[in-house]
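> Below, each chain spelled out in residue letters.
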Amino acid sequence: MRVVLQYTKQGAMKYVSHLDFQRLWRRLFRMADIAVANTQGFNPLPRMRFAAPLPTGFASCNELMEVFLAAAMDLDELLGQLNRFTPQGMDILAATPVPDSFPKLTALVDALEYSVELPECRVLPSAVEDCVPDGSTAWQQFVLAAELHGRRWRLLLASIEQKTLRPDVLVRQFFPEFDHVAIIRTGIFTRNRNIKPVPQGLSLLID
Amino acid sequence: MHWHKLERILPHVQKPARYIGNELNTVIKPAEQVEFRFALAFPDVYEIGTSYMGFHILYDLLNKMPGVQAERVFAPWPDMEAKMRESALPLYGLETGTPLGDFDIIGFTLQHELSYTNILNMLDLAGIDPLAERREGLPLVIAGGPGAMNPEPVADFIDAFVIGEGEEVVSEIVEAVRNGKVTGLDRSGMLRALASMTGIYVPRYYERRNDAAGRFIGVFPVEPELPQRIRKRIVRDFADFPLPEKVVVPLVESVHDRVSVEICRGCARGCRFCQAGMIYRPVRERPLPVLVQQGLTLLRSAGSPELGLSSLSSADYSEIEDLIAAIQQEGHNVSLPSLRVDSYSVQLAELTRAGKKTGLTLAPEAGSQRLRDVINKNVREEDIFTAARAAFENGWQTLKLYFMIGLPTETEQDVQGIADLAVALEDLYREIHGHTRRLKINLGISTFVPKPHTPFQWAGQMSKEEIETRQNLLRERLRSKKFKVQTGNWQESRLEAVLARGGRELGRAIYLAWRKGCKFDAWSEHFRPDLWAQALAEAGVDSEAYTGPWPLDAVLPWEHIDVGVSKDFLLREYRRALAGRTTPDCTFAACSACGVCPAFAVAPWQRRKSK
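Going down the list, the protein sequences come from chains D and C.
Heads up: the first sequence is residues 1 to 207, going by this note's numbering.
Heads up: the second sequence is residues 1 to 611, going by this note's numbering.
Simulated from the structure, these hints should not be mistaken for lab results.
Positions of the beta carbon are idealized from the N, C-alpha and C atoms, including for glycine.
Mixed in with the good hints, there may be bad ones.
Which residues of chain D face chain C? A partial, calculated answer using Cβ under 7 Å [said to hold, decoys possible]:
#1 A12
#2 D20
#3 M31
#4 G57
#5 C61
#6 Q88
#7 H180
Make the full structure from the sequences, and use the hints.
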């Protein structure tokens, strides 16, 4: 049974690296006594995939992963079981069953949305306005939106063949005076309108 | 406040998850229910410390006491330390972020002499004076573990030592200090109360004495009611002592992704260099049903894929095969961390291999039969070959062999024996497979360090030149790509010997070394032999006096610590060693009269099955 899970990684958990976090997921399934199907091959691992790795130090209120359960089960029970064990800052919000023919989650990701909390209000340098949606430089092609509302900077960054731009690169470029800026991933977007069902936590990107 | 400061630091350090707490199975009590805080302090980095079973046991016992909050703390890596000092963030317990200075007791474990400077550094990072005599009020700084079996080198920094097994005494200590707080005892009143408890050594109530000629004659109590010798504690009922049902699982990848159960304690094999083999006697086992039940409970509560069956010699557990089978039957992997050199152990390794391609580890320790007899490593040449044959025939490609050089009576010929053995094993592989394409033989070559309470406590270390000659000899002889020779740093081994065999006079040198910036001495990238040499010289400590051989009638700095094994036995064993005579394991053969069983009024342990 293939399931897409929507979850958060906040508070202290944002300092857990992607690799350690993958290990934590495997552990959670074992603690909850939920069998996960294994990958084929010489060194079989529980079959799970993450939509887009979250760099260490960024929080997220909207992460996605998919998992292949060894047996079908009630999804409310799945959420309940897993949430009994998740550490503080990690909540599993929703589970969407998807058919085996569903595209790979990683292949669906076309853009990632972030909210950057600046310590003080700023006006966006015109350079950023100019560059959107121009794709003339290496990093500019990734910036789909960059709107500054007081202290909150909303960034929508493209993910092109699983390559994307780290939002802290833009922070350093335009606001080098701030050495401590909180960055939260707020959304994962796809352009693919043909998928059914649309998993909870995956948003449609309308250009 | 704490989290606010941390948030500014963590983006700038390596592996920030070491410092956040929040792991699975941590215990955090509501602040209003906490009246006593106990910090379990591990003087090394998080990944090393989180797998230490002793703290898992104590964490569980302490947190089961009402009103007591136990927290863990590890040595911050130097990048984190720098940031903490910069932003005046004191060292804190991982569970609640409470600064160490606000705890009632800080308990360090002394696993390794080269972690001593980290203790001073951690105290300093907490704003606590490393020198015990300059401290006032709480917290009390206590320490236990194998290093406490010679407490003198760190006696200036520790208020009280736990000698021996901590399971029972830890709650007695908490009760004594908690009562002391209620009745308004001051620091020295509390320490005096601890000093009268069995298994606790409070250095401020003991002094070193010299005779008229200035020769050291021992460490003596300053009050007549205090015991002359501090007898180590052992758990009254090891087999049935309750075990933790869950352990904290690190968020950062640790050395091994496994949980462990201690299947037996103590080892009677009697290797003459081995401190663990002497200080953890008597040998005791846990019953199979208890281990199966606890193992399965732990695997589930930790979400771990693998159960480690830990002990000093896992293959010696009476029902080891049944135990492995019972855990595997439930679909889990099993690992055996310490195997003997024989074909039975290879069989066990084969049972637990579970498709993994890791190498097989064997520790013959010495390269010739003569020297193996001297160190009482009761392994015959043919055991090594039958073990290796079994391994190669079962498809193992990588062999890890552990040896020691610089052992008492060792000659270059014995060291040649290591190389001869490695080459002979290569030949054996070729004989079996017709080629050596996939073979790898890794040799870990450590340097002998004389340890307190062992038959070799009187033996000296070899000189720098002799050690380096032997290391080079092995590297020269084993140049083929089939072999990988890893040798230790002789300077680290020498310092280890000085700190292991030192007396209270070493305190000054440790203090000076720390002030000069020494820390993480066991990590070659941080080890500073130059600074240590300065510190030792300034403290007036002549290293040679600690690394050289000692006369058999010398008064030892740890004479006042009674581990149950008698000095007569150690002396007898040392003499047998020099005569090349072995002593068999008493759990299979006759009693060797080490003194432990009568000391603790236990019946000698006999193996139910002998393999």
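> Each of the hints needs a verdict: does it hold here or not?
Here is how each hint holds up against the structure:
Among the interface hints, the one on A12(D) holds; its C-beta lies about 4 Å from the nearest C-beta in chain C, closer than the 7 Å criterion. Residue-level restraint check for D20(D) holds (minimum Cβ-Cβ distance to chain C is 6 Å; threshold 7 Å). About 4 Å separates the beta-carbon of M31(D) from the nearest beta-carbon of chain C, less than 7 Å, and the hint is met. Restraint check, G57(D) versus chain C: the minimum CB separation of about 5 Å is within 7 Å; hint holds.
Checking C61(D) against chain C by beta carbon gives a least distance of about 17 Å; that is not within 7 Å, so the hint is violated. Below 7 Å, beta-carbon pairs count as interface contacts, and Q88(D) has one with chain C at about 6 Å; its hint therefore holds. Interface restraint check for H180(D): the shortest CB-CB distance to chain C comes to about 5 Å, inside 7 Å, so the restraint holds.
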